[in-house]
Each structure stands twice: as structure tokens, then as C-alpha cells.
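Colleague: The primary structure of each chain is shown beneath.
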Amino acid sequence: MIVTLLLISSVTFLLMQKLPGSPYGNEEKLTNVQKAVMNHQYGLDKPVVVQYLYYMVGVAKGNLGVSLQFGNQPVSKIIATRIGPSVQLGIQALIIGTVVGILFGIISARFQNTWLDTSTSLFAILGGSVPNFVFAVLLQLFFAIDLKWLPIGLWDNGFASSILPSLALAITPMADSARFIRTEMIDVLHSDYIELARSTGVDEWTVAFRYGLRNAVIPLITILGPMVASLLTGSLVVEQIFAVPGIGEQFTKSILSNDYFTIMGLTILYSTLLVIVILIVDILYVLIDPRIRLIGGTRDE
Amino acid sequence: MSKTNVQQVPDKYFTLSQQSEAEENIQDTQPVSLSFYRDSWRRIKKNKGAVVSLIILLIILVIAVGSIWFSPHNPDTQQVQYSFLPPKIPGLHINGFNGYAKQAGVWVDVYKEKDVPSSVYFYLGTDQFGRDLLSRLLYGTRISLLIAFSAAFLDLTIGVPYGLISGWLGGKADTIMQRALEIISGVPTLVVVVLMLLIFPPGIPSIIMALALIGWITMARVVRGQTLQIKNQEFILAARVLGQRPVKTVLGHILPNLSSVIIIQTMFTIPEAIFFEAFLSFIGVGMRAPNASLGTLINDGYQTFQFYPHLMWYPALIISLIMIAFNIFADGLRDAFDPKMKG
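Quick note, the sequences are listed as chains A and B, same order.
At position 299 of the first sequence the residue is numbered 299 (the numbering used here), and the sequence of numbers has no breaks.
At position 337 of the second sequence the residue is numbered 337 (the numbering used here), and the sequence of numbers has no breaks.
Treat the hints with caution; some may be incorrect.
[Unchecked claim] Taking lysine to any residue pairs in the SDA-like style, the calculated list, with each CA pair at most 20 Å apart, reads:
#, chain 1, residue 1, chain 2, residue 2
1, B, 46, A, 113
2, B, 248, B, 238
3, B, 46, A, 112
4, B, 46, A, 119
5, A, 148, B, 307
6, B, 48, A, 113
7, A, 148, B, 309
8, B, 48, A, 129
9, B, 48, A, 122
10, B, 48, A, 118
11, B, 46, A, 121
12, B, 48, A, 119
Worth flagging that the hints you see were computed from the coordinates, not collected in a lab.
Okay, chain A solo, but in the shape it has when bound (with noise of 0.2 Å):
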């Protein structure tokens, strides 16, 4: 995990020193004196092995530079600032979209070969093939524009603004899980267990719920981590959209205007976030199903 992170950061901060451009962004106006002075001020003068160093020892004790672009700010500020939106955004999202996607897969196994089942697989695969950015721009043109229910973007309405986002980043995850939902739901509903609980008489939907849901949704836990993933993904189309002032947003500005330490730093942040989601995948695993443990040793195959 550590090692992933290492080279992470230091692969990104390799190619940074390949980007093409000049990170200051009124390039034309400055004198090479001041374009000097400036180097010298953030250490970019200094040979690139000591660039690397600074930053690596920096990066350790979660100093991240500074912004090039944003008024001088350090890097970990801007990313304090704005974490909180986006964190909301993506918590609400995968809530929201696993909900949804396990109600939905559990309907289409329990009414397996039904038009339920049809038309849930169908928009399950509707949601997973429509570009996430067009649902968005979907999203804000009903709700926001022509029945004006919900504001059009910006995040000063408290919740009432991160419903929209919510949403278009929801529909990923909602398809996923469905699809997988559905699947795992019919073998399980089809096992001998199941067969002994309908036996007694208990009721469908019971068996759906209390027996058959709990196993069916533990393998569920190893897509969290491509989930998460796309969560990210997503997360910059959709905040630029709604106009969220979240990570990702700050993201594609900072690509498009050659902010080093930012750029390095989201990467990092980003990398980082990911590599503790499947570490909590790969314990939160052996957590809830005890038999993992007991076939131990065989996660490779």
C-alpha cells in the first residue's frame, strides 16, 4: 500500500517536471528577472533530485506545496476548504446508488423473467451506458430549469443543492449494483437454504430480505472499490456542471492551468483515497463473512 503510494507520488512528480508550459499565468508580462525570482521563491531553480526530495519529505509530513495559481494558498488548504462537498456529494451518491441498485436487483430476481425484471434490467443498463454528464445536464434542465424545484447549481442552499449532483453521480453506482444484485440474488434464491425458509411457510419477501439479501450482498463489498473509482471519475463532470466548489472541480481547473502542486497534490489525495477504500474492502470482507477466513490464502485464484 505504502509502496503504491510512493510510486505514485513519485511518478506524478516526474512527469510534472515533463508538462509542457509555464505554470505562471500571465507569462507574457514577466521579465526573466522576475520569472528568476519567482522560480527561486517556490524552488523550482533547484536541480529536479532536490525538487523530488523536498516535496517527498514535504508530502510525508502532509505539506503539499503551494498553489502556483490560487493566491499562494498551501495545497492542503485548498483541499481542507473543499473536501467537505465533495465528501458530502460522493457519501450521499454511493448511498443513494446502493440502495436504489439493491431494491432494484432484488425486485428483478424476485420477478425474475417478469416485465419487472425487463424493465429494471433495462434501466439498470440505461443507467449504466448513459454518460454520466449527460444525465446530469438532464437532471439540471427538468429539475432545475423547467420546474424550477431545486437550484440550478452553486452550493449555498445547503442540501438543497447537493440533491441534484447527488443524483447524476448516483446513477453509476446504481446500475452497477443492480446488475450485480440481480445476479447474486438469483443463485442465491435458488439454494437449499432458501428452499428450507420457503418450506416453513415464512413469506417472499421475507426470504428476499432476511435471508437471501444478506448473503447476497457480501460480494457486493469487492465492486465498492471500482466504484469508488468512478465516484471520483464522475465527480469532476458533475461538480463542474452543477458548479459544486469541490475537489474535483478544482481539479480540472488546475489541469487547465498547469498548477503543479495542485495537480500533484489532488493526485496523491485521489490515489490515496482509493488505496484506503481497498484496504477497508479487503478487511470489511473477512469481517462480515467468516468462511473467507477459513478458505484463507486462496484470494489470488
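With the hints as your guide, set chain B onto chain A.
Modeller: Positioned in the frame of chain A, the structure of chain B alone reads:
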């Protein structure tokens, strides 16, 4: 007694029963003689969704490629005096498709307003520079498909050998190769792609490279898993016992058995690549003007979305259609190749 009984039964019964037995034999043996691909094809034909998707994809592919020679207008010609024209289709008199647009609540003939000759039609309207949207859409679809197919092809050339080698060698080599994969897959794909695009000069080749760079990992994993399963089967053992060289065994016996898995995986990578390209172009690091792809068209349309919604709807519709068709077709293929692996 029995002898007379048999004689009483007319001859034709005997011949009849012989015939039907022969027929039964034919019916019994026929499905067995079907090859694997014939069988899969038969199963996929039963899946209506997959067939419709395949047809839609083929139509889009043919039109997109054909538009190299038969484009209604030049996708790059700018006629600023004809900017923001609504769609106009000859013979169709429904508002919204006849050159009329709503201005302050009233339907107005925009073509007349801008002095467009009556013989000129822009089937899907024009954008802010007066470029024909349909021609740009066809061009953009072609570019998007080109990028997606090339990226998927590169995935194959990197991912399949990696998976094959890792799975076949096993042991230490496998462990090292899998650890390397794990480390690489810890990096968010988004970050990789964006960094690649920042470093390489903008353009189609860099986008293809960046997409291939993230796509091959899944392919390598899938191929490795299957190789591990197959290499322990008897026919591989037989090939080894007969003294066949490892390279030949892998290429001649393992690879053909993997083809269905590889095809399915490719079918899932293509829509993913289309999505990622559109995504990159949408946030502004993908294709650069004057090149068009579905992503840039959607992005351009989004800028003027509230006033000229058709500029965004058509590209969005096409990309959704392609994605849906690919996903349904890939699902169908998976079911057809491997009925146990329903999903």
C-alpha cells in the same frame, strides 16, 4: 402362434418404424456436430436485444465510415452568417424540424430570417460557426469509434500476452507480475489518463495511448485467470507429454480456448473507451478544435444548451445509443458463449 402374429402385421409398419428411427438418429446427432461458434451464434440469435443492438451498431458503423465519402456538408466549413440554424428536413413540416424555431414564444422561420437559399437544408441544424451539425456528428462518431477501436486493439496486444505469460509461467514470475498489476491498478484511472494527456501533445494518438494504458489491466487479469484454469487440463498435459514447445502450446491450445473470453472483454472495453474519450473531451483535456468527437460536440452543445438544445441532444443521443447497444450486445455475447455465466 407368434410366427403367425408377426405375419399378420403389414409390411409397411416395419419400414415406417425403420425410417423414423433413422430420422431420430439424425436429430440426435445434429446439435452435437455444431461447432462452438455456430452454437453460440444460434443462441445469440434468440436474444432479440442483442440482435437489434448488433444491427444498430452495424448501421452506425457503416454510416460513420460512409460519411468519409458521402457527407451532406463539409464538417469544417464555417459559414458564420448561417450560425445556430434549427434543423430543417425536406418534406417534414413539424415545428422543430422545418427550420422554424421558437423565439419569444412564437415559431419563426429562421432560415428566411438569415437569408438561407430555400434549396439549402441542414438536417440537424448548425452550430455557432454555421457548421452543419449532421456532418460534424458523423465525423465525430467516426473519430470516437476510431479511438475506441484502436484503444481496444492496443488493450489486446498488451493485456493478452501479459495475462498469458503470467498465467502460464505461474510461480514466482506470476507473483511478481500480479503485484505489479496490483500497484498499477491502485492508481485511479482518471489520474493516469489526465497526466498522460497533459504530457503528450494533444491529439488522437495520445488519447488512444492513454486509454489503452488503463484498459489492458482488466484484460490481463481475465486472461491470466482463464489460463490458470485451462493449463491444468488434460489436453494441455497431452501436448506437453508429446513434447510440444511451450510457445506453441500456449498459442495453439490455450489461446483458442480463450478467444470467447477475450472477445467479450473487448466488447466491454470499447464502450468504456468511448465514454472515457467523451468524458475527457467534456472536461477540456481531450480532443482540440477543430477536430470533433462525440465528447467535444456534447461539450460545445452544452455551452449554448439553454437556447439551442438540439446542439447537445443529438450528440448525446448518438453516444447513448452506441453505449447502450454495445453493452446489450456484450451481455448477449457473454450469455451465448458461456450460458453458466449469466449476468
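Colleague: Take the hints in turn and mark each one as holding or not.
Modeller: Here is what the structure says about each hint:
The suggested pairing of residue 46 of chain B with residue 113 of chain A holds, with an alpha-carbon distance near 15 Å, which does not exceed 20 Å. Between the alpha carbons of residue 248 of chain B and residue 238 of chain B the distance comes to roughly 13 Å, so the proposed pair stays at or under 20 Å and holds. The suggested pairing of residue 46 of chain B with residue 112 of chain A holds, with an alpha-carbon distance near 18 Å, which does not exceed 20 Å. Annotation: proposed proximity of residue 46 of chain B to residue 119 of chain A holds, straight-line Cα distance about 19 Å (limit 20 Å).
Restraint check for residue 148 of chain A and residue 307 of chain B: satisfied, since their Cα atoms lie roughly 17 Å apart, inside the 20 Å limit. Using a Cα cut-off of 20 Å, the hinted pair residue 48 of chain B and residue 113 of chain A holds, with the two alpha carbons roughly 14 Å apart. In summary, the hint linking residue 148 of chain A to residue 309 of chain B is supported, as the alpha carbons are separated by about 18 Å, within the 20 Å threshold. As the CA atoms of residue 48 of chain B and residue 129 of chain A are separated by approximately 18 Å, the hinted pair is consistent with the 20 Å bound.
Only pairs whose Cα atoms come within 20 Å are accepted, and residue 48 of chain B paired with residue 122 of chain A is accepted, the gap being roughly 13 Å. A distance of roughly 13 Å separates the Cα atoms of residue 48 of chain B and residue 118 of chain A; the hinted pair therefore holds under the 20 Å criterion. Of the supplied pair hints, the one linking residue 46 of chain B and residue 121 of chain A holds, its CA atoms being roughly 18 Å apart against a limit of 20 Å. For the hint pairing residue 48 of chain B with residue 119 of chain A, the CA-to-CA distance comes to about 15 Å; that is within 20 Å, so the pair holds.
The structure meets every hint from the earlier list without exception.
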